[in-house]
Amino acid sequence: MKHDMKRLAVAGLGSALLAVAAPSQAQELKIGLASEATSIDPHFHNVGPNNALRKHIFEGLISNDENQKNIPELALSWKPISDTDWEFKLRPNVKFSNGMAFTARDVIYTLCRVPTVENSPSSFTVFTRGINAVETPDPQTVIFKMAAPSPLLPNNLATLGILSSELNGAQNVSYDPKGCKDMGTPPKSADFNDPAKAIGTGPYKLANYTRGQQVVLERNPGYWGTKPAWDRVVFRPVPNQGARVAGLLAGDVDIIETPPIQDFDRIKASGAQIVQGISNRIIYLHMDQFQGDGYKTPGIKGTDKNPFLDKRVREAVSKAINRPAIVERIMGGVAVAAGELLPTPLFGTSPDMKADTFNPDQAKKLLAEAGYPNGFEVTLGTPNDRYINDEKIAQAVAQMLSRVGIKVNVDAMTASTFFTRRNKYEFSLYLAGWGADSGEMANPLVALVATMNTQTGMGHTNRGRYSNPELDKLIVEAQATVDDAKREAILRRASKLAMSDYPLIPLHFEVTPWAVRKGLSYKPRIDQYTLATEVSPGT
Amino acid sequence: MSDIAPATDLAPEAARAAPPAPLDRGESLLRRHAATFLRSPSAVVGLVVLVLAVLGSLAAPWIAPQNPYDLTQLDIMDNMLAPGERLAGGTVAYLGTDNQGRDMLSAILYGLRISLGVAAAATIIASIVGASVGVLAAYVGGRVESFVMRVVDLQLSFPAILVALVLLAVFGRGIDKVILALVVVKWAYYARTVRGSALVEKRREYIEAARCLALPRWRVVFRHLLPNCLPPLIVVATVQVANAIALESTLSFLGVGVPVTEPSLGMLIATGYQYLLSGKYWISTFPGVALVVVIVAINLVGDRLRDVLNPRLSK
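Going down the list, the sequences are from chains A and B.
So the first sequence is residues 640 to 1178, counted in the numbering used here.
So the second sequence is residues 3 to 317, counted in the numbering used here.
Any given hint might turn out to be false.
Said to hold, decoys possible - Each computed EDC-like pair below joins lysine to aspartate or glutamate, with the alpha-carbon atoms no more than 16 angstroms apart:
{"no.": "1", "chain 1": "A", "residue 1": "Lys-1135", "chain 2": "A", "residue 2": "Asp-995"}
{"no.": "2", "chain 1": "A", "residue 1": "Lys-1046", "chain 2": "B", "residue 2": "Glu-264"}
{"no.": "3", "chain 1": "B", "residue 1": "Lys-282", "chain 2": "A", "residue 2": "Asp-904"}
These are computed hints drawn from the structure, not numbers from a lab.
What you are looking at is a predicted structure, and each value in this text was computed from that prediction instead of being measured.
Sequences and hints are given; from them, build the entire structure.
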């Protein structure tokens, strides 16, 4: 009897300990981010960290699975009903985290609000263009009438987080491509820092945002979908790689983005695990190819002309770069050399588009033919905290270009400074990355090599200002082709045409690693997002 | 140590104290100071190390196995070699290589060159500017003096690193910009030091004599007053060289100093810092050791100089 009592007590104590320990583990998830979101506003900046955070709070009509396939989110189904029109059926009985109902009106409001965002560094308006009219026969149906055939409408809508029209005083909003009516005062980007304004339908809601410190999310109790595993999620920006790893090993955070390759062994030895998968992010060099009257590209010395206007020079740059060496020595093998703008087997890629071969002798010959036997001098701009090993890659590129006679000065800076300066065209040569969030070839072609046109949104991140009318025609044609097989064939042709002219120099595709502590698992995603909803307890 | 200490405690004392014992026949002041200096073994060691460091950095282009700033001499395939391994060209990397394939020994020698050069240039310029401002303020007196000294006070109330960071954020990277930033944050120390001793010196008889001869003002200030304020200035300048090296390294470590393809010691340490916990100790450790050794050596020399030039302490 006595013994039994003791045993019972011990068992009771044990289960009490477990009861205390288990919830504290299961409730809060702490994530160490490599890069912080620049705003809570879902429509402010089309960039990875913002989009990943957005998906927790503001859902879209459509979501993407880990391989970037469209899956239903706030829309249950969608289909084209004519050449130019699409019908979306919305999910019924969905409420925003403040209790307001989600209806077709909110879809209209979101489309109306996107163009009102001020000072967007990379705008979402490219995804809302071309919508002529939006009809809502009933609160659960939305019909989009497009100006032209738009096969990518579902992909485009997947990028937009839905806002509540009621919360923003726009219950009677009506869509007009030239400016919506009755939309009240659209919120400013900074308004979203207030948890009472950052209202979406997502599995989480904003609890606290302290720039540079943390973003705290709490579970949305009224969420329509699967209840997320975590009550509370804390995102902490830890830009320093070493500090991120130390934080994981010390138990300060549960999962970290992009652990440095050189620390993989140490992380594994601690019991944590590394998960990795190829991403849709291309790391590339862009060259200023603007041809304005009297325009002089900055940062070039040793010649009065802009050498990058000559295709032979661009080809020489490509041939001078030893991509396997970058992949092997800088990226530790955790990257894939790139021959076009998306990795196979994503939509529109061709298996025969291999990375350009390293041939310094031919590069020198091409430079001599182009009239630069002694090369020239150029400044290479690069961020130093945005992409995996960005500054080191830039230095390696500088080394390789120097060997064929192009003297390169590396100007490395923090990402926010870099993008501001790049958007002012302060670099003749810069290193950047592009994640094709739609996962198909039209996206990087439109963004990076189509002729820049602020009206149509073509070439919106083509800060090298490359222009090729023939290519533009193919891209436009692809965008108007609803048949998938035909569209893919056109995109393949467009990609090959583009790459043969060296509008930019593809370097490699990032392979994204995550490190997660023992007892958790994460499914690697092509879009590189770190989503708390995808972190599950148990391996 | 406090940045301001030598300026405040030393300058007036040095000047106020009784003049040192008269020189013996055939004994020069310099020789006497040298003899006093050499009586401290630690200062001698410091001096030897310092001289070696200066010689090593000056001779870097001839003795370094590689020019780490010439990108054509680097090969990415040589990166992360452990100390003692061979580069593709056959040279032994005695201290290993960094993540770009730079030979660490060469990088340290060239890095020392930048660190010492930047510190020396900044110190010389800042001491000239500071000493001129200080001595003029003391001599002219009145409103000019209070104005100048309030500016100095204001300057000294900001942490040097903060001011330098702001300046470099505005100017951008580059060795010239780092020197400029260091001059801006350092001149006030010299101004205050020199003004302190000039205030005392200007009441001395020789200044009165010079004035009575109706010598031009600039001549009184720069030929008579300033040279007699130099001993404390020399001491402060020596210590401030070490300080400037540390500050330059801090700025480069934070990534706002020199260009990434021309790393100074601070930047080498920053590069290696990412690998420190991955077993690649050599990238950070060796430049770090070099930096510490040089700074300690300069401080030893500076401390001894202070003792030598401070008459109150001489027996």
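Given the hint that Lys-1135/A pairs with Asp-995/A, test it: the Cα-Cα distance must not exceed 16 angstroms.
-> Distance of about 13 angstroms is within 16 angstroms: holds.
Given hint Glu-264/B paired with Lys-1046/A - CA-CA distance at most 16 angstroms = 13 angstroms, holds
Take a quick look at whether Lys-282/B and Asp-904/A sit within 16 angstroms of each other, Cα to Cα.
-> 13 angstroms, holds
Checked against the numbered hints given earlier, the structure satisfies every one of them.
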